[in-house]
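Reading the sequence shown from the start, the letters are residues -18 to -1, 1 to 133 in mature numbering (1 follows the signal peptide of the UniProt record, and there is no 0).
Do not rely on the hints blindly, as some may be mistaken.
Cβ pair distances, simulated, as ranges [as the list claims (entries may be wrong)]:
1. Asp39 to Leu74: 47 to 57 Å
2. Asp43 to Asn76: 13 to 23 Å
3. Asn80 to Val111: 48 to 58 Å
4. Val104 to Asp39: 43 to 53 Å
5. Val111 to Tyr72: 53 to 63 Å
Hint data in this document are derived by calculation from the structure and do not stem from the laboratory. Cβ atoms here follow ideal geometry from the backbone N, Cα and C, with glycine treated the same way.
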Amino acid sequence: MRALALSLALLLSGAALAVSPDELLDDPVLEQRARDISAGLRCLVCQNQSIDDSDADLAKDLRVLVRERLVAGDSDEAVRQYLVDRYGEYVLLNPRLNEHTLLLWIAAPLLLGVGLIVLVIVGRRPAPVPQTELSAEERAALDALERHTSD
């Protein structure tokens, strides 16, 4: 039990270490907004990690930028849009649905549907019946039946 608690504490402490105390805002509401925004922004130098979880210098700069924009009075969406204008849609961990990302959003469900259709078609196909030769006794009985029905 003690090992489980220690493992859980180590696992969950990663995100807490990414944001250094000098980045935190005094206003808890603004700080929570900054954390929510940062959790949805991609670290541009990391492998699919949010800037909230990353220790990279660029992620730190982006976290500070998010907090500066919030202190300046920007809305959450205005902060996100500022970063999208500056870095492109790639900065968002969950891209918005628009004409450029439509294929991205429909590809996974479409491929899943095609896969399910293929599984249904293959599953409905009858299993091949193995061809076996008749024994001499079965052949004689069949010949007798054929003679009997042809009379």
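Hints and how they fare:
1. Asp39 to Leu74: 47 to 57 Å: 21 Å, violated
2. Asp43 to Asn76: 13 to 23 Å: Holds, at about 22 Å.
3. Asn80 to Val111: 48 to 58 Å: 54 Å, holds
4. Val104 to Asp39: 43 to 53 Å: 52 Å, holds
5. Val111 to Tyr72: 53 to 63 Å: At roughly 55 Å between Cβ atoms, Tyr72 and Val111 fall inside 53 to 63 Å, so the hint holds.
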